[in-house]
Structure formats: C-alpha cells, structure tokens
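Trainee: Residue numbers for the sequence shown follow the numbering used here, beginning at 191 and rising by one.
Rather than coming from a laboratory, the hints here were simulated on the basis of the structure. The beta-carbon is built from N, C-alpha and C at its ideal position, and this holds for glycine as well. Among the clues, some could well be false.
Listed below are the simulated DSBU-like cross-link pairs for lysine-lysine, each with C-alpha atoms no more than 35 angstroms apart in a straight line [claimed, not checked]:
#: 1; residue 1: K731; residue 2: K699
#: 2; residue 1: K678; residue 2: K731
#: 3; residue 1: K372; residue 2: K420
#: 4; residue 1: K485; residue 2: K646
#: 5; residue 1: K785; residue 2: K757
#: 6; residue 1: K485; residue 2: K524
#: 7; residue 1: K563; residue 2: K635
#: 8; residue 1: K703; residue 2: K659
#: 9; residue 1: K524; residue 2: K563
#: 10; residue 1: K659; residue 2: K525
Simulated restraints on C-beta separations [unchecked claim]:
#: 11; residue 1: T378; residue 2: A346; range: 40 to 50 angstroms
#: 12; residue 1: K635; residue 2: R610; range: 51 to 61 angstroms
#: 13; residue 1: E662; residue 2: E727; range: 48 to 58 angstroms
#: 14; residue 1: Q384; residue 2: T526; range: 17 to 27 angstroms
#: 15; residue 1: D709; residue 2: Q600; range: 23 to 33 angstroms
#: 16; residue 1: P577; residue 2: V773; range: 36 to 46 angstroms
#: 17; residue 1: K678; residue 2: D437; range: 44 to 54 angstroms
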Amino acid sequence: MALEIVARGAWLIKLRWLAGIAVLLGTCGVWLVVGSRAPIVPMFAVGLAILFYNWLFFQLYKHRPQHQMRLASAQFLTDWGALTILVHYTGGVASPLLFFYVFHVIIASILFSPRIAAIHAAIGVMLVGTVTLCEISGLLPHLPVPGFESVDLLSAPEAGQRYFFFGLTVLVVYLLSSSMAKRLWARTRQVIEQRNQTQAALYRTRSLNEIAIAATSSLELNLVMETITKSVVQTMSIKASSIRLLDDSGDTLAINASYGLSEAYLAKGAVQVVDSPVDAMALQGSPIRIPDVAKSELLQYPAQMLEEGIQSLVVVPLVLRDKTIGVLRAYCSKKTHFSDDDVDFLSALAGQGAIAIENARSYTDLQALEVAKSKFVYVVAHELKSPVAGATSSLSLLSEGYAGELSDQQLQLVNRAQRRIASLSALLQDLLALGAMQEKLVHKKIEPLSISQALKAVTERVQPTIETKGLELTMDVASEPLTVLGQKDDFERMVGNLFENAVKYTPTKGAVKVLVRHDGDMIEMEFTDTGIGIAPEALPKLFEEFYRAPNARQSIEGTGLGLALVKRIVDSMKGTISVQSEVNKGTTFTVRLPKAP
Numbered sequence: 191m192a193l194e195i196v197a198r199g200a201w202l203i204k205l206r207w208l209a210g211i212a213v214l215l216g217t218c219g220v221w222l223v224v225g226s227r228a229p230i231v232p233m234f235a236v237g238l239a240i241l242f243y244n245w246l247f248f249q250l251y252k253h254r255p256q257h258q259m260r261l262a263s264a265q266f267l268t269d270w271g272a273l274t275i276l277v278h279y280t281g282g283v284a285s286p287l288l289f290f291y292v293f294h295v296i297i298a299s300i301l302f303s304p305r306i307a308a309i310h311a312a313i314g315v316m317l318v319g320t321v322t323l324c325e326i327s328g329l330l331p332h333l334p335v336p337g338f339e340s341v342d343l344l345s346a347p348e349a350g351q352r353y354f355f356f357g358l359t360v361l362v363v364y365l366l367s368s369s370m371a372k373r374l375w376a377r378t379r380q381v382i383e384q385r386n387q388t389q390a391a392l393y394r395t396r397s398l399n400e401i402a403i404a405a406t407s408s409l410e411l412n413l414v415m416e417t418i419t420k421s422v423v424q425t426m427s428i429k430a431s432s433i434r435l436l437d438d439s440g441d442t443l444a445i446n447a448s449y450g451l452s453e454a455y456l457a458k459g460a461v462q463v464v465d466s467p468v469d470a471m472a473l474q475g476s477p478i479r480i481p482d483v484a485k486s487e488l489l490q491y492p493a494q495m496l497e498e499g500i501q502s503l504v505v506v507p508l509v510l511r512d513k514t515i516g517v518l519r520a521y522c523s524k525k526t527h528f529s530d531d532d533v534d535f536l537s538a539l540a541g542q543g544a545i546a547i548e549n550a551r552s553y554t555d556l557q558a559l560e561v562a563k564s565k566f567v568y569v570v571a572h573e574l575k576s577p578v579a580g581a582t583s584s585l586s587l588l589s590e591g592y593a594g595e596l597s598d599q600q601l602q603l604v605n606r607a608q609r610r611i612a613s614l615s616a617l618l619q620d621l622l623a624l625g626a627m628q629e630k631l632v633h634k635k636i637e638p639l640s641i642s643q644a645l646k647a648v649t650e651r652v653q654p655t656i657e658t659k660g661l662e663l664t665m666d667v668a669s670e671p672l673t674v675l676g677q678k679d680d681f682e683r684m685v686g687n688l689f690e691n692a693v694k695y696t697p698t699k700g701a702v703k704v705l706v707r708h709d710g711d712m713i714e715m716e717f718t719d720t721g722i723g724i725a726p727e728a729l730p731k732l733f734e735e736f737y738r739a740p741n742a743r744q745s746i747e748g749t750g751l752g753l754a755l756v757k758r759i760v761d762s763m764k765g766t767i768s769v770q771s772e773v774n775k776g777t778t779f780t781v782r783l784p785k786a787p
C-alpha cells in the first residue's frame with residue numbers, strides 16, 4: 191500500500207509540472223486579453239513558485255525515500271496554499287479556479303485514507319472561507335477577473351450562498367470519491383495480498399527445491415544437516431534453527447547441527463526426551479508450535495531460551511519410513527510468529543531433510559565398512575609378505591640345486607610353485623598399495639613430479655619385453671617441461687601399470703604408442719596398443735577391484751587390481767581417466783591431470 195502511495199505521489203509531481211506551466215501560460219493569456227487590469231505579476235509569481243516547490247519535492251523524493259508518505263501529504267498542503275492565493279487574485283469565492291479544489295479532493299480521496307482525505311478537504315474549504323471573510327470584512331481587497339465578475343465586491347449573502355454551494359460540492363465529491371476509493375483500496379489490498387501469498391508460495395517452493403538439492407548434493411552427514419539449518423533461517427528470516435537426532439537408546443536428543451544459536455546456549459547439552467514434553471510430543475509424529483516461550487510448560491530449558499532471545503518456536507519431527515529419527519526446530523525472536531504455512535513448509539522440509547540425513551548416514555556407514563575392510567586387507571597382506579618372501583627364497587634355493595640335484599619332474603613342480611608364488615607376491619603388492627591408497631594408511635608426500643622421468647624409468651623396465659616381442663614403440667612426448675602434483679610411488683605405479691599393460695596385452699610384432707601433450711591447464715597422456723582389446727560389455731566394470739575382462743583372463747595372468755589402483759591414483763590427483771577399445775584391434779587409455787603450479 192505504501193508503495194502505491196509513493197508511486198501516485200510521484201505521479202502528482204509530474205502532474206504539477208503541467209499545472210505550473212499552465213498557470214504561467216494562463217497568466218500570459220489573461221494579460222494578452224485584458225492587459226494590465228488583471229493581477230498579472232502575483233499570478234505569474236505563483237506559477238513560478240509552483241514550479242520551484244515542485245522541484246524541491248522532486249529532489250526530496252529522490253534523496254529522502256523514507257519520508258515519502260509524509261511528502262505526499264505535504265504536497266497537498268502546499269497546493270492548497272498556492273491554489274488559495276490564485277483564488278484570491280481571480281475573484282475569491284467567485285473565482286473560476288474553485289473547480290480545482292474539487293479536483294484535489296478527488297485525488298486526496300484516492301491517495302489517502304478516508305480520515306486523512308476528509309482533513310485535506312476540510313482544510314481546503316476553510317482556506318476558501320477565510321479568503322471570503324477577509325474580502326467581505328475589507329481585510330483583503332476583492333480582485334475580480336475582468337469578464338468573470340461585473341461588480342467590485344459581492345454582498346455578504348451572495349458570498350455566503352456561493353461559499354455554501356462550494357462547501358456542499360466539496361462534501362458530495364468527497365463522499366462519492368472516498369466511497370469509490372474505499373472499494374478500490376479494498377480490492378487493491380486483496381490483489382496485493384494474493385500476489386504476496388503467491389510470491390511467498392513460489393519462493394518457498396523454490397527454496398524447498400534448492401534446499402533439497404543442496405542437502406542431497408553432499409553425502410557428508412554434518413554438512414547436510416548444517417545446510418538444512420542454515421537454509422531454514424535464511425528462507426524464513428528467523429533467528430535460528432537446529433536439528434536434534436535420537437541416540438541409539440531413543441531417550442536423548444543431541445544437537446547435531448545448528449545455525450544462529452550461541453555457543454553458550456549450545457553448551458547446555460542434550461535434551462532428555464522424558465524431560466522435554468514438546469520434543470516427546472513431536473516425536474509422536476505431529477508438529478508442535480510454541481507461540482510464547484515464557485508461558486509454555488512444555489520446554490526443558492525455557493529460561494535459557496529467553497536469555498538467548500527466543501520468544502517462539504516450532505518443533506517438527508524428522509520421519510523416515512514411519513520411524514521418527516529426530517526433530518527439526520525453528521526459533522524466532524518474536525511471539526506467535528509462526529503461521530500454518532510456516533509449519534507446512536517446515537514439515538515438507540523435514541521430510542526432505544530426513545531422506546538426506548538417512549542417505550548421509552548410510553554413506554558414512556559404508557565408509558566405515560570400507561575403512562575396516564581396507565585395514566583388514568592391509569594388515570593381512572602385510573603379514574603374508576614375510577612368509578611369501580620366505581617361500582620364494584626357499585623355492586629359489588631348490589631350483590638352483592642348493593638342496594641337491596632335482597629330477598626333471600621335481601624341477602617342473604618347483605618352477606610351477608615359483609610362478610604361483612610370484613603371482614601371489616604381485617597380488618600382495620597390489621593389495622598393500624590399494625589399501626594404503628584408499629584410506630591413507632601410509633603417509634605420502636605430495637610433490638611436483640616429472641612425467642618424462644617417470645616414463646623413462648618405466649621404459650627401461652619394459653624394454654626387454656618390447657625387444658623380445660618385437661614391438662614397435664612410439665614415444666610422442668612434448669618437449670617442454672611436463673609436471674604434475676602427486677606422490678612419487680603412486681604416480682610411477684599408475685604410469686607403469688598403463689604402460690606395462692599396453693606391452694603385456696599386445697601380441698608379437700604389434701605396436702605401442704605413448705602420447706603426452708599440453709591441453710590448456712591439463713596434461714593429457716595416452717597409452718595406445720594394438721593388443722587383444724576389450725569387449726564393450728566389459729568397459730563399465732574395468733576399474734572395479736578384482737575384475738578382469740574375459741579375454742584377458744583367458745590369455746594372461748593378472749590380479750584384477752591394477753586398473754582399480756590406477757583409477758584411485760588418478761582420482762587422488764584430481765584427474766580423469768577414460769578408455770576406448772575394440773576387440774582384437776587395440777585399446778587406448780587417456781589420463782588427464784592438472785598441471786603443477
């Protein structure tokens with residue numbers, strides 16, 4: 191409503207520019223028609239005054255927006271004064287300009303409340319009455335406009351009669367216009383209220399969607415709950431919000447996340463359900479609204495709430511699959527603040543929040559299981575290293591004849607055992623590396639790494655196999671420095687696995703190509719071979735632990751952990767890896783890593 195008055199007040203300023211110019215032009219017209227017999231100078235001065243004070247109002251409207259309601263009323267009082275002066279100089283109660291009083295009364299009825307509009311109408315009638323009395327009593331001269339008044343001074347009965355009809359006209363116009371304006375204002379208020387309700391519903395729906403996206407975009411439990419509480423406060427413009435989850439016993443509600451609450455208030459600790467009726471009632475499945483904390487007997491800590499500045503609150507249950515897992519609280523510094531729409535909004539948000547919290551909990555549990563599994567595998571692999579190394583050493587002694595000459599059959603058995611032990615040793619190495627990689631079980635130093643040096647070391651290691659198989663090796667490496675950030679052993683293991691796989695799965699007389707180049711802020715490495723390839727159905731599972739493509743399983747031994755380990759290393763270096771392959775034609779692995787600063 192205030193915005194409507196401000197807008198119409200600005201419209202009145204625009205209209206007054208025309209009024210001031212009209213007074214000046216009208217004065218010039220009167221002077222051309224009747225000459226000096228009319229009060230040209232005072233009327234011209236009034237026209238200039240209208241333009242001047244309209245300019246002042248224009249400046250005030252721009253620089254004093256907080257006073258625009260008062261300025262709208264001040265405009266009318268100033269206009270009454272200017273119009274009264276013009277009426278005096280154009281015949282008093284017989285002035286043809288009295289019509290403009292009626293015009294102003296109509297505008298006042300539209301702009302202001304009926305009471306304020308009545309005051310303005312009364313002021314206008316009083317001003318005309320004052321001028322009339324002063325002219326009749328001789329305090330002011332009667333200045334008729336030539337052509338509009340044939341006598342120098344109206345008699346008292348004539349002036350009174352004209353003044354009576356003027357006042358009656360103003361009264362009738364006020365009653366009619368205020369009645370119409372009242373209905374117009376009622377309709378306007380209804381439209382504004384409906385618009386505000388629609389905008390509020392749209393805003394809350396959008397906020398609910400944004401909150402749901404934000405809460406489900408992360409699987410970290412604390413971050414999810416902090417996002418929910420912060421969004422509640424910002425969306426509803428309230429003091430604070432908190433999430434309390436039930437412990438395993440179901441007897442205690444601890445504050446798991448909050449926004450807007452002081453450390454002193456949070457220090458009061460957990461809430462015992464049996465001592466907090468409001469939480470006990472909410473845990474039954476229905477929202478509970480406390481309009482006045484000071485008068486409520488349902489709270490465990492009312493004194494601390496009042497000290498925190500909390501006057502009212504809503505407690506909404508967090509329900510998941512017919513099971514209540516906690517409560518969502520919203521706090522306000524005003525009494526009886528929360529409406530039915532607020533409660534509905536919080537209930538909808540609590541439903542989204544419960545799902546997000548459960549997802550985060552499940553993810554946390556899975557992470558805990560993954561940690562336990564990794565630690566177990568790491569410990570077992572580490573414990574097996576020594577006996578495997580001992581078995582390897584013993585078999586070497588046997589095969590080399592230190593324990594006596596072996597028959598051909600015995601030597602074959604020993605060689606077979608050596609191959610199996612070598613495979614087991616490779617598996618243990620991969621398990622140790624994977625376990626350490628997954629859960630950082632071993633401290634690792636991050637440093638700038640040269641891709642060229644890593645490729646050189648791996649090339650020296652696979653060169654004998656390349657020569658034995660007669661492979662064609664192409665190295666296309668950019669000449670400028672190629673450096674990434676990572677852990678040296680992990681990076682060399684990743685490069686070695688991809689390079690060695692290309693050599694291992696490429697048949698005799700095949701070709702292997704390594705390409706390294708800059709691509710903006712990234713470095714791209716490609717390992718291409720003309721080997722056995724990978725079937726399309728195997729590609730989605732290629733980086734899973736212990737998975738090997740069927741054709742690879744049939745042809746060459748492996749642990750199924752190499753590519754899983756490569757994927758972990760690439761992810762830890764904030765990079766990406768992709769693969770393109772065609773059976774019996776070859777495979778290309780592409781790794782993209784950020785450049786080192």
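Trainee: For every hint, state whether the structure bears it out.
Mentor: Here's how the hints hold up against the structure:
1. K731 - K699: Holds. K731 to K699 sits at ~29 angstroms (cutoff 35 angstroms).
2. K678 - K731: 27 angstroms, holds
3. K372 - K420: 43 angstroms, violated
4. K485 - K646: Outside the cut-off at roughly 79 angstroms; violated.
5. K785 - K757: 18 angstroms, holds
6. K485 - K524: Roughly 14 angstroms between the alpha carbons, so the hint for K485 and K524 holds.
7. K563 - K635: 24 angstroms, holds
8. K703 - K659: 15 angstroms, holds
9. K524 - K563: 52 angstroms, violated
10. K659 - K525: Given pair K659, K525 is violated - Cα atoms ~84 angstroms apart, limit 35 angstroms.
11. T378 - A346: 40 to 50 angstroms: Holds - the Cβ-Cβ distance for T378 and A346, about 45 angstroms, lies within 40 to 50 angstroms.
12. K635 - R610: 51 to 61 angstroms: 35 angstroms, violated
13. E662 - E727: 48 to 58 angstroms: 30 angstroms, violated
14. Q384 - T526: 17 to 27 angstroms: Holds, since Q384 and T526 (Cβ atoms, about 23 angstroms apart) stay within the stated range.
15. D709 - Q600: 23 to 33 angstroms: 57 angstroms, violated
16. P577 - V773: 36 to 46 angstroms: Given range 36 to 46 angstroms: holds, Cβ gap about 40 angstroms.
17. K678 - D437: 44 to 54 angstroms: Cβ of K678 to Cβ of D437: about 45 angstroms, so the range 44 to 54 angstroms holds.
Of the hints listed earlier, those the structure fails to meet are numbers 3, 4, 9, 10, 12, 13, 15, in rising order.
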